[in-house]
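**Student:** Here's the letter readout for the chains.
There are 2 protein chains.
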Amino acid sequence: MATNRYMDVHDGFVGVTKEQLAEAHAADLAIEGEEGVHFEQAWLDPESGKVFCLSTGPSKEAVMRIHERAGHPTAEVYELSIEV
Amino acid sequence: MATNRYMDVHDGFVGVTKEQLAEAHAADLAIEGEEGVHFEQAWLDPESGKVFCLSTGPSKEAVMRIHERAGHPTAEVYELSIEV
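The listed protein sequences correspond, in order, to chains L and R.
According to UniProt numbering, the stretch in the first sequence is residues 1 to 84, in order.
According to UniProt numbering, the stretch in the second sequence is residues 1 to 84, in order.
You may find that some hints are simply not true.
Any copy will do: because identical chains look the same in the list, a pair fits if it lies in one copy or spans two.
Stated by the list, open to error - List time: in silico DMTMM-like cross-link candidates among lysine to aspartate or glutamate, alpha-carbon distance up to 25 Å:
id, residue 1, residue 2
1, K60, E47
2, K18, E83
3, K60, E76
4, K60, E35
5, K18, E68
6, K18, E47
7, K60, E23
8, K18, E40
9, K60, E83
10, K60, D11
11, K60, E34
12, K18, E76
Worth flagging that the hints you see were computed from the coordinates, not collected in a lab.
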């Protein structure tokens, strides 16, 4: 199973704290292994409410399923096939 | 001068190659010091044309000025005050 890198984007996290983001991230980490996904890092701009998650996994759909089951679905997932 | 972390997003890089992304990134690196900015990494999804750049610097405006002078302006810059 190929491992690709993904960036996904969430909206609506205005005013969310570090503790709340850590809790959301932990919910992903708790189940990510079931889909062969790993969420490496999450960054939040609490002013705009944007969250960016960097992950690895077999497919966009696998990333989306973990986020959905963890309670924070997003349809905005990009496969990062090129990086510098 | 405070150093903050930023994510900025570009659209329209459909079909761009690794070499072209490296060239664009090098154009940022060549002048970033003039604004106290550092572009750490850039990721591209050549299918959707999205680029995500992770940087540090003193302000959103400084990040925007470097990208604009390097030839790839974007208004979409987020200050990532929280990360996990």
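**Student:** Does each hint fit the structure? Answer for all of them.
**Tutor:** Right, here's what the structure says about each hint:
1. For a Cα distance limit of 25 Å, the shortest separation of K60 from E47 across copies, 13 Å, qualifies, whereas the shortest one inside one copy, 27 Å, does not.
2. Proximity of K18 to E83 under the C-alpha cut-off of 25 Å is restricted to the inter-copy arrangement: shortest distance 7 Å between copies versus 28 Å within a copy.
3. Within a single copy, K60 and E76 get their C-alpha atoms as close as 9 Å, and across copies as close as 23 Å, so both meet the 25 Å cut-off.
4. In this assembly of identical chains, K60 and E35 lie within 25 Å of each other by CA distance solely inside one copy; the values are 11 Å within and 36 Å between copies.
5. Taking identical chains as interchangeable, the C-alpha atoms of K18 and E68 lie at most 25 Å apart only when both belong to the same chain, with a minimum of 20 Å there against 32 Å between chains.
6. Taking the shortest Cα distances, K18 and E47 sit within 25 Å of each other inside one copy (13 Å), while across copies they are farther apart (33 Å).
7. For the identical chains of this complex, K60 and E23 are intra-copy neighbours only, at 22 Å inside a copy versus 28 Å across copies, given an alpha-carbon limit of 25 Å.
8. Proximity of K18 and E40 under a CA criterion of 25 Å is satisfied in both settings, with 16 Å inside one chain copy and 23 Å between copies.
9. When the C-alpha separation of K60 and E83 is checked against a cutoff of 25 Å, the pair qualifies both within a copy, at 17 Å, and between copies, at 22 Å.
10. For the identical chains of this complex, K60 and D11 are neighbours both inside a copy (18 Å) and across copies (19 Å), given an alpha-carbon limit of 25 Å.
11. With identical chains, the CA atoms of K60 and E34 are at most 25 Å apart within one copy only, with a shortest distance of 14 Å there and 38 Å across copies.
12. Proximity of K18 to E76 under the C-alpha cut-off of 25 Å is found in both arrangements, the shortest distances being 22 Å within a copy and 22 Å between copies.
Violation of the numbered hints given earlier is absent; every hint is satisfied by the structure.
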